[in-house]
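Engineer: The lines below spell out each chain.
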Amino acid sequence: MTESPVSRTLMPVARSLALLAGYGLLGLSFLVTAEILLRRFLNFSLQGGDEFGGYVLAVIAAFGFGYTLLERAHTRVEIIVERVSPGAQGWLNLISSWCIAGMGVFLAWRAGATLLESIEFKSLSGTPMMTPLWQPQSLWAIGLVFFALASTAVAIHSTVLIFSSSRRLNALYGIKMLNEIIEEETASALEPREAQAK
Amino acid sequence: MIGIVGTGAGFVMMLALMMIGLPIAVSLFMTAVLGAWLYLGTPTVLSFGSQMWSGLNDFILTAIPLFVLLGELLVRSGVADGLYRCLSDWMRRLPGGLLHTNIAASSLFAAVSGSSVATAATIGTVALPVLRERCYDDKLTTGSIAAGATLGILIPPSINMIIYGSMTNTSIGQLFAAGIVPGLLLTAVFMAFIAVVSILRPGVAGPREPARSFVEKMESLIDVLPPLMIFIIVMGAIYFGWATPTESAALGVVGALLVSILKGRFSLQMLHEAMLATVKVSAMILLIVVAAQFLNFVIGVLGIPQALTAFIADLGASQLQLILILIVFYLILGCFMETLSMMIATIPVVFPLIVHLGIDPVWFGIFLVLMMEIGLITPPIGMNLYIVQGVRGTGSIMEVINGSLPFVVLMLLFVGALIAFPEMALWLPRLLFN
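Listed in order, the protein sequences are those of chains A and B. Per the working numbering, residue 3 is the first one in the first sequence, and the count goes up by one each step. Per the working numbering, residue 13 is the first one in the second sequence, and the count goes up by one each step.
Hint data in this document are derived by calculation from the structure and do not stem from the laboratory. C-beta: ideal position from N, C-alpha, C; glycine also. Keep in mind that a hint or two might mislead.
Here are the simulated distance ranges between beta carbons [what the hints assert, rightly or not]:
1. B:A21 / A:V15: 36 to 46 Å
2. A:S47 / B:L417: 26 to 36 Å
3. B:F341 / A:M179: 26 to 36 Å
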């Protein structure tokens, strides 16, 4: 599979953000498991798992949007796109890339505004922990800014490509082909079997 | 406010944006922003930031990445092969032989992995070479894998149910419980169908396999034990009231991690791959959810639910008529929309009608999931069909489509049964929660 220059440049950052979010999720799992066991067997209530869980979700979304974009995994309907000529397909992919960039920039802008409001009004979470909201919201906003940057970079590169090679544009930023999807889905589940066979 | 015509125009515009290949999330988002801007003014559009924060900062939805991670870890521990081997040892003597293994392995694997597409790809890769070698009928083989893989979203834990529950304020524990009986029944219906066809047309199944000894069978059970244990722990914690669905998902993640360590599959690389896959799937779903939450909000403020319920009330539609209309609606929509997106995009509009006519939200959740299962194996967008065909690599897609057709008919009949006997879905949650 050919990799786009945008993906080559930004993927290391995107992967790191996604992994950070993944570790957050793993940490949450241990925290909540400890909570359940302590509550159940020692009648001791550890608190904050649910609040932390909400922040983890917001961060997974924000950190993951950009990674998912570069992996071309945001769901698109292929029914028309795959039936038109490569030239027309290029234009559809271009429109799509600019629309998602528009959404990305809007998300980052509004998240930034929400963060600034929380800082200005010193907003606290409505929980016993009284977390200052700017703390989780900064991470969230940083993720969305990265999504905005990545989606804009893809849109700009698509615009350059539409004038040089629609085919390349479609290969780099079009909807994933079926065999690519199957390869991904089975690689994870069946890798161990092949290793065993050796 | 906005009338039926405006609502229809908005809906058509949303579909049109999806059709020209915009990401589903972007289509929902643009429709919501346009509606908010035209009818409610800029301040509503600008309120999106705080809306998005409160929508995402939600412990109920945190169950989604947790269940995805649980599935990714188990799948990477190599449970697929073991599952298939064990089930084939136990079921090979039934009429239809390994075809039953397809159904049973798919439903178990899908219950664990939570993704129909991943199930179709994985079980397809494990099963197709074996079945081809033994000269099983192509249509029945591919049909049973494509259809079997849809069972996962009905059998808990189901990400579709978590999203439905979170968007409609329906108890996820009750939804999970409601899926168990229909899930098992539908599995049984599929297997009965295979048995009947195999008896009527002996050529469809391959040669009769020699039976395995009892000891061998018991040994192979060890492979099924880890996913089964985790399923029992996760579900048990919910039903004994030890944990909420999200909390028990976290418990399941720790369990799956232990399984991968015990099976000697754990490594830092494996963990990272599982995390990346989890983040990718979750972010894909969450971008759609974020857009749908805003659309939901805009639709609510615009009074669209009231307009629609008034419209339906004018028509004097009964519960049954509405459900029949919705079956046709979802069958058509399922022809060109990916199923999870279809569910998320239609809930804001459809759910108020359901409530208005007094239809049980838990029952409707199960109905909706069944309609989505059907969508997964109806052409032209039935993802499972293409995946199975892709894994097979030879022959025509028409064989897969024709092979799945009987299962589509069975599922439609099953929906009819669910309408006639709502207790199929509602009995277990009532028993457990009242």
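Engineer: Each of the hints needs a verdict: does it hold here or not?
Structural biologist: Here is how each hint holds up against the structure:
1. B:A21 / A:V15: 36 to 46 Å: 41 Å, holds
2. A:S47 / B:L417: 26 to 36 Å: The hinted range 26 to 36 Å is violated for A:S47 and B:L417, with Cβ atoms some 54 Å apart.
3. B:F341 / A:M179: 26 to 36 Å: Check passed, 30 Å falls within 26 to 36 Å.
Of the numbered hints given earlier, the model fails hint 2 alone.
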